[in-house]
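Trainee: Each chain is listed here by its residues.
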Amino acid sequence: MSTRITRDELAARIAADIPEGAFVNLGIGAPTLVANYLPEDLEIILHTENGLLGMGSAPVDGQVDPDLINAGKQAVTAVPGAAYFHHADSFAMMRGGHLDVCVLGAFQVAQNGDLANWSTGAPGAIPAVGGAMDLAIGAKDVYVMTDLLAKDDSSKLVAECTYPLTGVGCVSRVYTDHAVFDVTPEGFRVREAFGENTVASLSELTGLELQ
Amino acid sequence: MSTRITRDELAARIAADIPEGAFVNLGIGAPTLVANYLPEDLEIILHTENGLLGMGSAPVDGQVDPDLINAGKQAVTAVPGAAYFHHADSFAMMRGGHLDVCVLGAFQVAQNGDLANWSTGAPGAIPAVGGAMDLAIGAKDVYVMTDLLAKDDSSKLVAECTYPLTGVGCVSRVYTDHAVFDVTPEGFRVREAFGENTVASLSELTGLELQ
Amino acid sequence: MIDKTVVDAASAVADIPDGATVMIGGFGRAGQPVELIDALIAHGARNLTIVNNNAGNGDTGLAALLAKGQVRKIVCSFPRQSDSWVFDDLYRAGRIELELVPQGNLAERIRAAGAGIGAFFSPTGVGTELATGKEERVIDGRRYVLEYPITADFALISALKGDRWGNLVYRETARNFGPVMATAATTTIVQVDEIVPLGSLDPEAVVTPGIFVNRVVAVGERHWLQGGSFVGGVDLEGKPADAAEEEAA
Amino acid sequence: MIDKTVVDAASAVADIPDGATVMIGGFGRAGQPVELIDALIAHGARNLTIVNNNAGNGDTGLAALLAKGQVRKIVCSFPRQSDSWVFDDLYRAGRIELELVPQGNLAERIRAAGAGIGAFFSPTGVGTELATGKEERVIDGRRYVLEYPITADFALISALKGDRWGNLVYRETARNFGPVMATAATTTIVQVDEIVPLGSLDPEAVVTPGIFVNRVVAVGERHWLQGGSFVGGVDLEGKPADAAEEEAA
Numbered sequence: 001m002s003t004r005i006t007r008d009e010l011a012a013r014i015a016a017d018i019p020e021g022a023f024v025n026l027g028i029g030a031p032t033l034v035a036n037y038l039p040e041d042l043e044i045i046l047h048t049e050n051g052l053l054g055m056g057s058a059p060v061d062g063q064v065d066p067d068l069i070n071a072g073k074q075a076v077t078a079v080p081g082a083a084y085f086h087h088a089d090s091f092a093m094m095r096g097g098h099l100d101v102c103v104l105g106a107f108q109v110a111q112n113g114d115l116a117n118w119s120t121g122a123p124g125a126i127p128a129v130g131g132a133m134d135l136a137i138g139a140k141d142v143y144v145m146t147d148l149l150a151k152d153d154s155s156k157l158v159a160e161c162t163y164p165l166t167g168v169g170c171v172s173r174v175y176t177d178h179a180v181f182d183v184t185p186e187g188f189r190v191r192e193a194f195g196e197n198t199v200a201s202l203s204e205l206t207g208l209e210l211q
Numbered sequence: 001m002s003t004r005i006t007r008d009e010l011a012a013r014i015a016a017d018i019p020e021g022a023f024v025n026l027g028i029g030a031p032t033l034v035a036n037y038l039p040e041d042l043e044i045i046l047h048t049e050n051g052l053l054g055m056g057s058a059p060v061d062g063q064v065d066p067d068l069i070n071a072g073k074q075a076v077t078a079v080p081g082a083a084y085f086h087h088a089d090s091f092a093m094m095r096g097g098h099l100d101v102c103v104l105g106a107f108q109v110a111q112n113g114d115l116a117n118w119s120t121g122a123p124g125a126i127p128a129v130g131g132a133m134d135l136a137i138g139a140k141d142v143y144v145m146t147d148l149l150a151k152d153d154s155s156k157l158v159a160e161c162t163y164p165l166t167g168v169g170c171v172s173r174v175y176t177d178h179a180v181f182d183v184t185p186e187g188f189r190v191r192e193a194f195g196e197n198t199v200a201s202l203s204e205l206t207g208l209e210l211q
Numbered sequence: 001m002i003d004k005t006v007v008d009a010a011s012a013v014a015d016i017p018d019g020a021t022v023m024i025g026g027f028g029r030a031g032q033p034v035e036l037i038d039a040l041i042a043h044g045a046r047n048l049t050i051v052n053n054n055a056g057n058g059d060t061g062l063a064a065l066l067a068k069g070q071v072r073k074i075v076c077s078f079p080r081q082s083d084s085w086v087f088d089d090l091y092r093a094g095r096i097e098l099e100l101v102p103q104g105n106l107a108e109r110i111r112a113a114g115a116g117i118g119a120f121f122s123p124t125g126v127g128t129e130l131a132t133g134k135e136e137r138v139i140d141g142r143r144y145v146l147e148y149p150i151t152a153d154f155a156l157i158s159a160l161k162g163d164r165w166g167n168l169v170y171r172e173t174a175r176n177f178g179p180v181m182a183t184a185a186t187t188t189i190v191q192v193d194e195i196v197p198l199g200s201l202d203p204e205a206v207v208t209p210g211i212f213v214n215r216v217v218a219v220g221e222r223h224w225l226q227g228g229s230f231v232g233g234v235d236l237e238g239k240p241a242d243a244a245e246e247e248a249a
Numbered sequence: 001m002i003d004k005t006v007v008d009a010a011s012a013v014a015d016i017p018d019g020a021t022v023m024i025g026g027f028g029r030a031g032q033p034v035e036l037i038d039a040l041i042a043h044g045a046r047n048l049t050i051v052n053n054n055a056g057n058g059d060t061g062l063a064a065l066l067a068k069g070q071v072r073k074i075v076c077s078f079p080r081q082s083d084s085w086v087f088d089d090l091y092r093a094g095r096i097e098l099e100l101v102p103q104g105n106l107a108e109r110i111r112a113a114g115a116g117i118g119a120f121f122s123p124t125g126v127g128t129e130l131a132t133g134k135e136e137r138v139i140d141g142r143r144y145v146l147e148y149p150i151t152a153d154f155a156l157i158s159a160l161k162g163d164r165w166g167n168l169v170y171r172e173t174a175r176n177f178g179p180v181m182a183t184a185a186t187t188t189i190v191q192v193d194e195i196v197p198l199g200s201l202d203p204e205a206v207v208t209p210g211i212f213v214n215r216v217v218a219v220g221e222r223h224w225l226q227g228g229s230f231v232g233g234v235d236l237e238g239k240p241a242d243a244a245e246e247e248a249a
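Protein chains in written order, with the numbering used here: chain A, 1 to 211; chain B, 1 to 211; chain C, 1 to 249; chain D, 1 to 249.
Since the hints were derived computationally from the structure, they do not count as laboratory data. One or more of the hints may lead you astray.
[Said to hold, decoys possible] To list a few chain B residues with every Cβ distance to chain C over 12 Å, as calculated:
no., residue
1, S2
2, T3
3, R13
4, H47
5, A88
[As the list claims (entries may be wrong)] Here are some chain D residues pointing at chain C (derived, C-beta under 8 Å):
no., residue
6, G58
7, I117
8, A119
9, G141
10, Y144
11, V169
12, E204
Bear in mind the structure is a predicted one, so any value in this text is a computation, not a measurement. We put the CB at the ideal spot given by N, CA and C, even for glycine.
Just chain A, same shape as in the assembly (with noise of 0.2 Å):
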């Protein structure tokens, strides 16, 4: 499988562009693992939306403490420098911009940069949005991670979305584990290529007109 990264590598990947100093939310699921791979020498700050910025790593044995838990609802820790906020000063604090990069999932990426990621719009499905609207909008970049294609093997990045919006015009690079993509206005350009993707072996994966 020379064509696709693992989830750990694109993780690693992730975080070796993020900055030091830089404020970052994790996403709830696969970008939570970004958090192993960032380097241990900087200092980078992590912001869940329940209220925490300085956010650690899990607690050890014995050490959960339920009032300190993430996004997800998983147990964590808080670092020396760590600030604690109540929920409208954490929205605040997204939708204005402070934050430098969130990094998210999605069903889908339009080359335009709509993301979709709440809903799959499914008759019967219970929609839960939680604050991925908010994260869209609200980082000054919006790292989206998944998988290039689908189970199905259908194209993630695609001409429009067909999938409930999450938010408009808001991804501005795309980690797959086939390439990395910038989102530009001339629509997706790959950034780096992983293994023996090409361009072109990644237009025909997609079927999207790539530069």
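Please build the complex by placing chains B, C and D on the supplied structure of chain A, with the hints as guidance.
Mentor: Same frame as chain A, but now just chains B, C and D:
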């Protein structure tokens, strides 16, 4: 002068109407006097819009703290149970209708409850509004404390304000040196006439039909 | 003397009528006022509209209130969770109404209610189906949707400590929705671990001033603290961690 | 390592260009970042738009900046005070522009800028001349006017303590506009009495998290404190109280 009470008597009269447990903002100037007449055995919590609930009296000699002032920029103290907050939180508190009472001065009060107290509209005057418009619309009860007559003997209670408005239909009661007036849907009602004042004499002084 | 303390959770919620709108603090289980919710269940008020970030976890707290059929409608951002089976069943059976609100709009709309804001143009949700039918406007080149305040008759929240004036401090991320909900409800009821003497909370660190609080009830120290210090030994539900291990074994 | 500390006030303000919009914290003299303002005066940037609650007191701080002719326009709620003679003279001479904003609208508009709100319907100022030309709307039976955010290129504020990440705590009513201004400016510059080691500020009591702060400069303890304790002995301007008495005598 058995038709007028003194400013201090008036402050005491207003203080007597403030129940225990009330959250109260006393405007700059004469209303500040009301604090001197709040019974010491009742807990009435004073708000100052520059960020403090639980404002106490002036400090003793040598204990002036430049960081601890009221809205009139006078030195004050804080009582046990006080809380500090920033300006947006303080005005959210006011504008959200959480204060029980505020006491304000006035140039004019109209019989529909309109208040004019921030500008005479005189040409060349430098305008300054501060928190007057927020206080006028924010408190559950807006009390005005004023002389009934201006220096030129014109009535401060009027059919319609001629000075620039501070707030529309916002005053609930007017405490003057001659009488206390409630603002009702039918205009001013004399709640209490001091000394020899009568509804008739007050009607004559104000030129208004009173109840 | 002002004394907002109430003797127990039952009396704190006794006047919540059928049909009331009740905000309930908490994000998942963190900060959920479990004792107050239990009292509301025992009290039995029905036909409630609940405002909470979620729609209950497991079988306790808000989930138990839902299970008792006391809730007509829930306003929240994230109902569907791994442990939200009570809500899921009710929703699929058409027995509960859902108003789904993006989390930032939820928080800001609650704040707006407490702050006297009539409505505000929000950047969140623009161009999505959650903005359907909402007024949109372009301001300074950016699209916004108009969002209105969310008020409530009652707020039930949880804090770490309170005094008899109702001043509150919280603990860690259990703070979450408590401070804004306290400002937005007509009557705010708070459960605290401990009621402390007036003047013992640092006025620089009070998060919710007493002006926003009507009733405070002490429910005893959360059992991962001892004398105010974190001692651990619990799982995320607050149950003894070794018990969970035994269960798993 | 993140280190937002700056060696002195002069370097902290060195890149403020002519024509910048600068928010300056403080309510009257309380919380006014005097050392940063003095540095801005020495730096000499001109044609500034200043956002502050007032328009200067006496001859120091903001008043001195005005006196130097560096300010084109001031946005404030309360310019006219007993000791605002510098502004008064400039205004009467037509040498400074004034945008008068009710104090609550000023605070909320600054907050809106930091919070990503496009505009909001405010209850304050309705039906007054300060709402002239503004969009009005009746919502739920009440009149509101539409108010827009106030942003700035720089904010100069004062806090009690800060750490190298920019976390801040304030002191008493000197907190006032600092926390909201910090959120609304592109670059926020803070003077603190003392820079403390990372981790020494209580995370429950941090008022401004470092995300809103770009530069922190230590200016030494305010002289009515000693080792963090209030010692008094000053007047409201912070001058030795006995000196003032001597002057008066």
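Trainee: It remains to establish, for every hint, whether it holds in the given structure.
Mentor: Verification of the hints:
With a least CB separation of 38 Å from chain C, S2/B remains clear of the 12 Å interface cut-off, as annotated. Taking the minimum C-beta to C-beta distance to chain C, about 38 Å, the non-interface status of T3/B holds against the 12 Å cut. No beta-carbon of chain C is positioned within 12 Å of the beta-carbon of R13/B; the least distance is around 23 Å. Here H47/B does not stay apart from chain C, with its beta-carbon only about 8 Å from theirs, under the 12 Å limit.
Listed as a non-interface residue, A88/B fails to keep its Cβ farther than 12 Å from every Cβ of chain C; the least gap is roughly 8 Å. Of the supplied interface hints, the one on G58/D is violated, with its beta-carbon coming no nearer than about 28 Å to a beta-carbon of chain C, more than 8 Å. A least Cβ separation of about 5 Å between I117/D and chain C falls short of the 8 Å threshold, and the interface hint therefore holds. The interface hint given for A119/D is met, as the beta carbon of that residue sits about 5 Å from the closest beta carbon of chain C, less than 8 Å.
Restraint check, G141/D versus chain C: the minimum CB separation of about 10 Å is more than 8 Å; hint violated. Given hint, Y144/D at the interface with chain C, holds; its Cβ is 4 Å from that chain's nearest Cβ, closer than 8 Å. A hinted interface residue such as V169/D counts as satisfied when its beta carbon comes closer than 8 Å to some beta carbon of chain C; here the least separation is about 7 Å, so the hint holds. Taking 8 Å as the C-beta cut-off, the interface hint given for E204/D holds, the closest approach to chain C being about 6 Å.
Hint compliance for this structure: hints 4, 5, 6 and 9 are not met, and every other hint is.
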